[in-house]
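With chain P fixed as given, assemble chain C onto it according to the hints.
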Amino acid sequence: MMGGVLAPTEGTVWIDGINIALDPAAAKRRIGFIPDRPYLYEKLTGMEFMRFSADLYGLKDVNFPQRARQLLNQFSLDGWADKLIEAYSHGMKQRLIFSAALLHEPTVVIVDEPMVGLDPAGIRLVKEILRGLADGGTTIFMSTHTLEIAEDICDRIGIIQEGKLIALGTTADLKRAARSQEADLEEIFLALTGGKNLP
Amino acid sequence: MRNVISLLMPRLWSFRNSLLKGDSRDRWVRLTLFGSIGLLFWGGTFAIFFRVLTYFQSVEGFGDILANKLLSMVIMTFFALLIFSSIVTSLSKFYLSRDLVLVHSLPVTPGKIFLARWIETTIDSSWMVIVYSLPVFLSYGVVYKAGPFYYGILSLAILPLCLIASGISALFVVLTALLLPAGRLRTVFVLFGFSIFVVLLIAFRLMRPEQLVNPDAFASLVLYFKSLETPSSALLPTTWVYDSIRAALTGSPERTFFHLGLSWSFSFALIYTTTWLAGKAYFQGYSKSQTSQERLFKSRVFSGSRENILLRFLSGPTRALITKEVKTFYRDQTQWPQVFLIVALIAVYLYNFSVLPLEQTPIKTVYLQNIISFLNMGLSAFVLTAVAARFVFPAVSIEGDAFWIVKSAPVSIRIFLWIKFFVYYLPLLALAEILIVLTNILLQVTPFMMGLSVITIFLMVPGVVAMGVGLGAIYPDFQSENPAQSVTSFGGLLFMILCAFFIGAVIILEAGPVYQLFMADLHGRSLSTLQWIWVIVSFSAVIVLCALALLIPMRIGARRLAE
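Protein chains in written order, with this note's numbering: chain P, -14 to 184; chain C, 31 to 593.
Where hints are given, some of them may not hold.
[Stated by the list, open to error] Derived lysine-lysine pairs resembling DSS-like cross-links, with alpha carbons at most 25 Å apart: (1) C:310 to C:142; (2) P:160 to P:149; (3) P:45 to C:437; (4) C:437 to C:175; (5) C:437 to P:28; (6) C:318 to P:28; (7) C:437 to C:318; (8) P:160 to P:112; (9) C:318 to P:68; (10) P:68 to P:45; (11) P:28 to P:68.
Hints were generated in silico from the structure; no laboratory data involved.
So here's chain P without its partners, still in its complex pose (with noise of 0.2 Å):
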């Protein structure tokens, strides 16, 4: 929904000042967007979807061919960037995705679910990157259910439980607000849901 994907049935989403319903077009020009499953145009090339995503979000022709080549580099993808993603496995497609959220450098990347399919590098690498553009300023929102994940790179925690957020904070909120101050994300999460599992 703050992608832009889904309308919202009520509220408003705002996007770094505007109203995504208003201005879809403007919101989603400074979104990063990255979905949990890497669905993408088989019969592109990485290097084609990268120029693809760099008209669309209207990058500058100039700042295209250098800002791309540093981004499929930093996602280990160069040697790929001329091959049809039909042939890429599920966890390159999954860093070509974010090599081309990260493209237009968008003040806010919306990612759901984002070491779905990556190995071990690969969490390492999207960790540290998802880190050091929060550290720079960028507007990290983040879903998952690996709670670890979460614990490791996150400023504010918001748990949701059937469709309601139950509770938003920094680990220590969440931790004052589990009574519980050696406790885990785990811990805290199944603390503040009552241990249900979430269906």
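Relative to the frame of chain P, chain C by itself:
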């Protein structure tokens, strides 16, 4: 056997759920639409065969020979259709379906997986052939006044034909998949199948079958068939099926059951052998298909600079979407055979105009040429509709699971649809105009008719393309494994019907005024004020209609897709 039934259950449950889902009114509309069109084809097939067989009966001495020859040819054609359809279906069911990964992870032997998939393949590839073969066999029953025995035997005779075709195809596919990965195999078969169809189509057309209405030519055809009255090979399954139907038609139970026995015993033997062999070979081929690339020909990957020079004057999003659309299209090798087929059909269409025997008709040639030219506007628009149904209607569905990219991109759905529109509009406009200009040159029409045709087609093409894009957006199918087939869906049929109404309305609106203008031009007289008003009102109505056909589907499509 329990495992095989369990493997088939998801398909049955999905079918049941798809019947139950949605509101009942919508379901009734779909059922009525599909039912009516199906019934129309069914009734049409029956009427044509009934007429032909009645005509054959009137040919002294040769009636039965011709009817038998036709029956044998029909069975042979059905068998060939069944084989082709089974090969394409079994390739997809055995090797390419998305659920195969799950199915192969289950504690079931590959032999049982094969058997369950084979049953599905047989039903999927045969049901339509059975349904549309019935009016043919019924017409034989009616014309030859057959008793209940014939009708009872029919199903027993057709069923083994389907089982044998499906068995042979499955055996062939399983063995070939050991040598070549299934993805490439599909491209080879589709290319091969379409090539044969194109060759047969062109060969049939070059034979000029219209000459057969000439009594002299028909007499020599009868003699030709007489000379072909030799029996077919006794080893062919089609011969057994033909013989059993023929024997049932003439009321000879012994011969009927003997030939039925041959068909059924061969079917069972084939199923047993195929299942046994597949138990040994299927999994190897499947495994190979999962680890090899699908492409038959190596793709050429160009650097982006050349296209960018051509599209530089466009905005970034427009350039991005156009480049993506064009590259995705030409790199998808399954599209190629259909492009070849369309080129062949258009060549035959043009050839038809070059051999029209206009001078042999009693109507004055100048009238006839221009009447045909006028009707040709409608015909060309129908050709365009068929091409649009195959390429434009699935244009939105073809985005598939990657549609999230468009939804999350800073481009509105309205702009996305308009870009789709222009990507298809320009080539289709060129195609339609070339078609109409060439046919008019072949017909040697007046400059007035030439101008009218060019302008009318120019006005109609946007409407047809917009209806394709718009209805494709109203009824998208992002889950389909083969979006090209979405033309047979409810939305696809609705598109065809609406286009038919649109083209019909334009032709009807223009017919009266064009006749007045043409006759006035021919006789060198001027039109009355009333006639001029009629002409202006009619042509204005055509322009309004074309504008509505362009704007309304695009608007509704954008709204529905954004939801």
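Hints, verified against the model:
no., hint, result
1, C:310 to C:142, "holds (11 Å)"
2, P:160 to P:149, "holds (19 Å)"
3, P:45 to C:437, "holds (22 Å)"
4, C:437 to C:175, "violated (62 Å)"
5, C:437 to P:28, "holds (19 Å)"
6, C:318 to P:28, "holds (22 Å)"
7, C:437 to C:318, "violated (36 Å)"
8, P:160 to P:112, "holds (23 Å)"
9, C:318 to P:68, "holds (21 Å)"
10, P:68 to P:45, "holds (24 Å)"
11, P:28 to P:68, "holds (9 Å)"
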